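Given the structure of chain A, go ahead and fit chain B onto it with the hints provided.
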Amino acid sequence: MPQFDVSVWPTQLIWMAITFVALYLLMVRVALPRIGDVLEEREFKINDALRKAEGLRQDAEDAAAAYEKMMADARVKAQDEVRAVRERADAEAAARHAELSERLNEKVTAAEGRIAKARAEAVAGVRDVAVDLAAAAFERLLGEKIDPKTATMAVDATMKEGR
Amino acid sequence: MASPLEQFQIKKIVELHVFGVDASFTNSALFMVIAVALITFLLTFAMRERSLVPGRWQSIAELCYQFIADMIRTNVGSDGRRYFPFIFSLFVFILFGNMLGLVPYGFTFTSHIVVTFGLAFVVFIGTTVIAFATHGVKFFGFFLPHGTPWYVAPLLVPIEILSYFFRPISLSLRLFANMTAGHTLLKVFGGFVVTMGLAGFVPLAAVVALTGLDMIVAFLQAFVFTILTCIYLNDALHMH
Chain A
1 MPQFDVSVWP
11 TQLIWMAITF
21 VALYLLMVRV
31 ALPRIGDVLE
41 EREFKINDAL
51 RKAEGLRQDA
61 EDAAAAYEKM
71 MADARVKAQD
81 EVRAVRERAD
91 AEAAARHAEL
101 SERLNEKVTA
111 AEGRIAKARA
121 EAVAGVRDVA
131 VDLAAAAFER
141 LLGEKIDPKT
151 ATMAVDATMK
161 EGR
Chain B
1 MASPLEQFQI
11 KKIVELHVFG
21 VDASFTNSAL
31 FMVIAVALIT
41 FLLTFAMRER
51 SLVPGRWQSI
61 AELCYQFIAD
71 MIRTNVGSDG
81 RRYFPFIFSL
91 FVFILFGNML
101 GLVPYGFTFT
111 SHIVVTFGLA
121 FVVFIGTTVI
131 AFATHGVKFF
141 GFFLPHGTPW
151 YVAPLLVPIE
161 ILSYFFRPIS
171 LSLRLFANMT
181 AGHTLLKVFG
191 GFVVTMGLAG
201 FVPLAAVVAL
211 TGLDMIVAFL
221 QAFVFTILTC
231 IYLNDALHMH
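So the protein lines, in turn, are chains A and B.
Start counting the first sequence at 1; every next residue gets the next number (my numbering).
Start counting the second sequence at 1; every next residue gets the next number (my numbering).
Keep in mind that the hints were calculated from the coordinates and are not lab data.
One or more hints might be untrue.
Which residues of chain B face chain A? A few of them, derived with a C-beta cut under 7 Å, are [said to hold, decoys possible]:
| no. | residue |
| --- | --- |
| 1 | Phe8 |
| 2 | Ala23 |
| 3 | Met32 |
| 4 | Val33 |
| 5 | Leu43 |
| 6 | Thr44 |
| 7 | Met47 |
| 8 | Arg50 |
| 9 | Pro85 |
| 10 | Phe88 |
| 11 | Ser89 |
| 12 | His112 |
| 13 | Val114 |
| 14 | Gly118 |
Treat the numbers as computed from the prediction; the structure is a model and nothing was measured.
Ideal placement from N, C-alpha and C gives every residue a C-beta, glycine not left out.
Next up, chain A with everything else stripped away, as it sits in the complex (with noise of 0.2 Å):
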């Protein structure tokens, strides 16, 4: 086999030492910081990438809570201000009535007045229609007039009697 000619040996060593030692230098001066940089650069991007993202989903969570927050105010002073409406409306409509009924109570009252009056001068006028009647009567019957005052006394106790 020509591996084992051992006269070629020496120039096989050789051209290995130069060719490997100058591929090593290669590599190390300029293939492999090319590859490295490449793949450093990649990881830091996409590691900045990254960090941005959960920025941004960071922002996007507090953007979604101010919203809720706000929605939550505003639902709050709405449901305020409703309430606040309707207690207005329920304390106008309260005076309202109440100063409708005192009305009526007045108006009741001026009428229960003028009724009770009304009523003591009919009795009054019956009391006069009793007198002249019971004289008239008492006239036609006996002959004789009858003094008013004695009229009157009668016709009063006889009311008095019959109540």
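Positioned in the frame of chain A, the structure of chain B alone reads:
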């Protein structure tokens, strides 16, 4: 017809003698230079765009880089990172040496025992130097693993020492034997294609299949050589 072993013949291209030593530029040296040039060109060409999203060639270059980086990380650990350029160079040198041999008219410099032994010897000397630089005299404890009963030591220590010194031999023989056998087999079957005439398509199919197999072997042997280097390096840095 040429012998299947003729492909391993060293042919001088330029006669050269330095201090009485034959340093001629041969076909073996030519393919070493081609390998180095091709590796450097392919890697720099692949990375010329330095794009964030890699293209086809850039992916290959990055894959190679990360393949070796991961190998060192898992087998050696973080303190193996400074040896990354050497291990990367070793891997691509052997890989391209193996693969260039599969190109027609190519020459496989990794099929020469002196080349594979040279590489293995560099690894052996390098790891031994690193081991003594890291652990000093304590590295001799490597040959007597912890918890070994004292009465086994006289037997175990020579075995450990022997296996340690056998490392460069097994490392270089494995690569040399695989490459030589694969290429010889290809040539033998290639010879059958010619001699069998019309029936030659049978060995031709075998040659096609064997070429595929040899590609796997070419990669696998480069991988095995490199990963064993990593394991030896780990032994040197962390002992057992």
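Okay, the hints, checked on the actual structure:
1. Look at Phe8 of chain B: its Cβ gets to within about 4 Å of chain A, closer than 7 Å, so that hint holds up.
2. For Ala23 of chain B, the suggested interface contact is upheld, since its CB lies about 5 Å from the closest CB of chain A, less than 7 Å.
3. Annotation: interface hint on Met32 of chain B holds; nearest CB of chain A at approximately 4 Å, less than 7 Å.
4. Interface hint status for Val33 of chain B: upheld, as the beta-carbon distance to the closest one in chain A is roughly 6 Å, under 7 Å.
5. Restraint check, Leu43 of chain B versus chain A: the minimum CB separation of about 4 Å is within 7 Å; hint holds.
6. Hint status for Thr44 of chain B relative to chain A: holds, with the closest Cβ pair at about 6 Å, below 7 Å.
7. Restraint check, Met47 of chain B versus chain A: the minimum CB separation of about 4 Å is within 7 Å; hint holds.
8. Taking 7 Å as the C-beta contact cut-off toward chain A, the hint placing Arg50 of chain B at the interface holds, the least distance being around 5 Å.
9. A distance limit of 7 Å between C-beta atoms decides the matter here; for Pro85 of chain B the minimum to chain A is near 5 Å, and the interface restraint holds.
10. Given the 7 Å rule on beta carbons, the hint for Phe88 of chain B holds: about 6 Å separates it from the nearest Cβ of chain A.
11. The restraint placing Ser89 of chain B at the interface with chain A holds, with a minimum CB-CB distance near 5 Å, inside the 7 Å limit.
12. With its C-beta approaching chain A no nearer than about 5 Å, His112 of chain B sits inside the 7 Å limit, and its interface hint holds.
13. Residue-level restraint check for Val114 of chain B holds (minimum Cβ-Cβ distance to chain A is 4 Å; threshold 7 Å).
14. Given hint, Gly118 of chain B at the interface with chain A, holds; its Cβ is 5 Å from that chain's nearest Cβ, closer than 7 Å.
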